[in-house]
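Throw the hints in and build the complete structure from the sequences for me.
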Amino acid sequence: MTGIAESIMSPSDWAMMPVALPLLGAALSLLAKAFIKKGPWASLFEYLGAFVGLALPWLALAVLAPLVLSGGSVQAIIGSWSPLVGISFRFDGLTWLVDMLGFSVAGMAWLYSVGAGPKGPAFTTIYLIPASALAATAATTDLFNLFVCLEVLGMASYVLVTSSEKPGAFLAAFSYLMVSAAAMVFFLLGVYGLYRLTGTLSYSSIAAALALLPDGGGYTAVVSLACISAAVALRVAVMPLYGWLPDAHALAPHAVSAVLSGVLIKTPLFALSRFLLAMPGGGMAGQLFGYAGAITALGGVIIALSQKDAKRLLAYHSISQIGYVVSAWGAGVSALSRGEAVGYALLSAAFLHAFYHALFKGLLFLTVGTATDAAAERDVYVLRGAGAILKKSGERLPFTLLSFAVGALSISALPPFNGFVSKAALSYVLKGRWEYIFLFIAGIGTTASFIKLAGIFAPPKRGAGIAAASSLPGYTAKKTVMTAQAVLALACVASGLAGPWFYRFVGRLLSGGHYSIGVLRLYDLDSLLKTGGIVLAGYVLYKLALTGIGKRIAARIRERPRGFHGLFAAFSLGLGGLTLWISFFRFQ
Numbered sequence: 000m001t002g003i004a005e006s007i008m009s010p011s012d013w014a015m016m017p018v019a020l021p022l023l024g025a026a027l028s029l030l031a032k033a034f035i036k037k038g039p040w041a042s043l044f045e046y047l048g049a050f051v052g053l054a055l056p057w058l059a060l061a062v063l064a065p066l067v068l069s070g071g072s073v074q075a076i077i078g079s080w081s082p083l084v085g086i087s088f089r090f091d092g093l094t095w096l097v098d099m100l101g102f103s104v105a106g107m108a109w110l111y112s113v114g115a116g117p118k119g120p121a122f123t124t125i126y127l128i129p130a131s132a133l134a135a136t137a138a139t140t141d142l143f144n145l146f147v148c149l150e151v152l153g154m155a156s157y158v159l160v161t162s163s164e165k166p167g168a169f170l171a172a173f174s175y176l177m178v179s180a181a182a183m184v185f186f187l188l189g190v191y192g193l194y195r196l197t198g199t200l201s202y203s204s205i206a207a208a209l210a211l212l213p214d215g216g217g218y219t220a221v222v223s224l225a226c227i228s229a230a231v232a233l234r235v236a237v238m239p240l241y242g243w244l245p246d247a248h249a250l251a252p253h254a255v256s257a258v259l260s261g262v263l264i265k266t267p268l269f270a271l272s273r274f275l276l277a278m279p280g281g282g283m284a285g286q287l288f289g290y291a292g293a294i295t296a297l298g299g300v301i302i303a304l305s306q307k308d309a310k311r312l313l314a315y316h317s318i319s320q321i322g323y324v325v326s327a328w329g330a331g332v333s334a335l336s337r338g339e340a341v342g343y344a345l346l347s348a349a350f351l352h353a354f355y356h357a358l359f360k361g362l363l364f365l366t367v368g369t370a371t372d373a374a375a376e377r378d379v380y381v382l383r384g385a386g387a388i389l390k391k392s393g394e395r396l397p398f399t400l401l402s403f404a405v406g407a408l409s410i411s412a413l414p415p416f417n418g419f420v421s422k423a424a425l426s427y428v429l430k431g432r433w434e435y436i437f438l439f440i441a442g443i444g445t446t447a448s449f450i451k452l453a454g455i456f457a458p459p460k461r462g463a464g465i466a467a468a469s470s471l472p473g474y475t476a477k478k479t480v481m482t483a484q485a486v487l488a489l490a491c492v493a494s495g496l497a498g499p500w501f502y503r504f505v506g507r508l509l510s511g512g513h514y515s516i517g518v519l520r521l522y523d524l525d526s527l528l529k530t531g532g533i534v535l536a537g538y539v540l541y542k543l544a545l546t547g548i549g550k551r552i553a554a555r556i557r558e559r560p561r562g563f564h565g566l567f568a569a570f571s572l573g574l575g576g577l578t579l580w581i582s583f584f585r586f587q
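Counting from 0, one number per residue, gives the positions in the sequence shown under numbering that gives the first Met the number 0.
Among the clues, some could well be false.
[Claimed, not checked] Straight-line distance between alpha carbons at most 25 Å, and here's what the computed PhoX-like set of lysine-lysine pairs gives: (1) K460 <-> K310; (2) K118 <-> K310; (3) K165 <-> K307.
Read the hints as simulated data drawn from the structure, not as lab findings.
Shown next, in the form of structure tokens:
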């Protein structure tokens, strides 16, 4: 198959397909919006555009899989321009994995939107743009092009959030826009600082030029590195730079929430790893990211447990779960910058959890969104009997309930679901570090949160849920909604069963075949006892949260003041902290 594919297009052309095909699909969908307007032909062009943009990139990934599995890569400059002005990109194992993560969730979320909304050629057009941008973000090795890709991701995200037309959605998107725009100004200042020092924008060329300068570029290089890293940290929603995320994810359409949480907040992180590993001082930045990630995992779950809005609870859990990813990712970047091959194991565990989180968190947003839409209620203390409500609305089999159960058991790290595997991998690589303790405690809070959230499917008291169902304004279950949920649920189970193999597969791709990941022991006595202890402690914490004192503490956390000033103050704190941290360890 590879020989036939190479006779059709060169490897560099195939490598650009994940970027180009979503744009082609967006153009087809836009054609339906601009010229056909309505009717079967408009739907045909919209669905054709979605197929081209979300399904055909898998063909390119299949063609390129043998290349990256053998440790190879595609490096080129777009348009064959001079390296001085051309945009350089690299398609390797990391690019392949990030593309796989993105298109896995994006396809199912779009299918869900066909039944649940928003839908139509205009939505599909906007939806496909970040799919292209995430592929470009993963592949670029050019600093200014990374800025452009992140801006495209951001601008499309703002529009997608507002497509819900819910009260507050426009304000949530606007707050994200304002804070992100301010952060990206600093990103651009960092680009300018490095370009002024080196006269180039390619990662490798910047690193080579800095190596020839006295003190590696001095404080100008340090501040530039801190500006770029802090801007990406805000996009990733690492504490204290997380304030924009809860409103945006809670108020976005459910399909958009799944993509924002599962894909778009992780893509900048893995793109940043290329840059940090090339830069002097990048390892110190990665180390601080790792520490912040552990704090984020614990802080995010504390706030999540205090929530009563179902989607806002999931949004804060996105912050907590990205903390798991960042803690291992930062430690991996730090280790690799010191030449320690164990960094590949850390990065592999980080990506494994990022991918598995994309599957189960996407599933949770879709199932909880379906239940709350059917009941017209999002308060986890009020909504009960969601399964009965969905049955009355046309869901003959309990697809949503069963799919939610798979997602909840996955994020709670129960075997044999995928969250159990990825969190076991994180425990394996972080054991003996203080971050491990934070993640262990966060696991208890996660279990408590999802016991609480599962209450929306609990039997209602004296038929209250049935009464709610009878008053619904005509909600009906859609086949595309149930299909998307079922596929993601099956993926959570299958990827859990194949977890040890997939962990080694990820390690092979990230290391280019140069590092062999050890066998992941999942079902030994220690792992099972630890899991049982976390579940028991989580249940106790859930019961404590229901007490009078627990409810008062939750209310204080939930009702804490928030605003633009806090978001900008947090960014200033993050930028200053990064600058001081890198300066201290680099120039001591």
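Status of each hint after checking the structure:
no.	hint	in the structure
1	K460 <-> K310	holds (23 Å)
2	K118 <-> K310	holds (20 Å)
3	K165 <-> K307	holds (18 Å)
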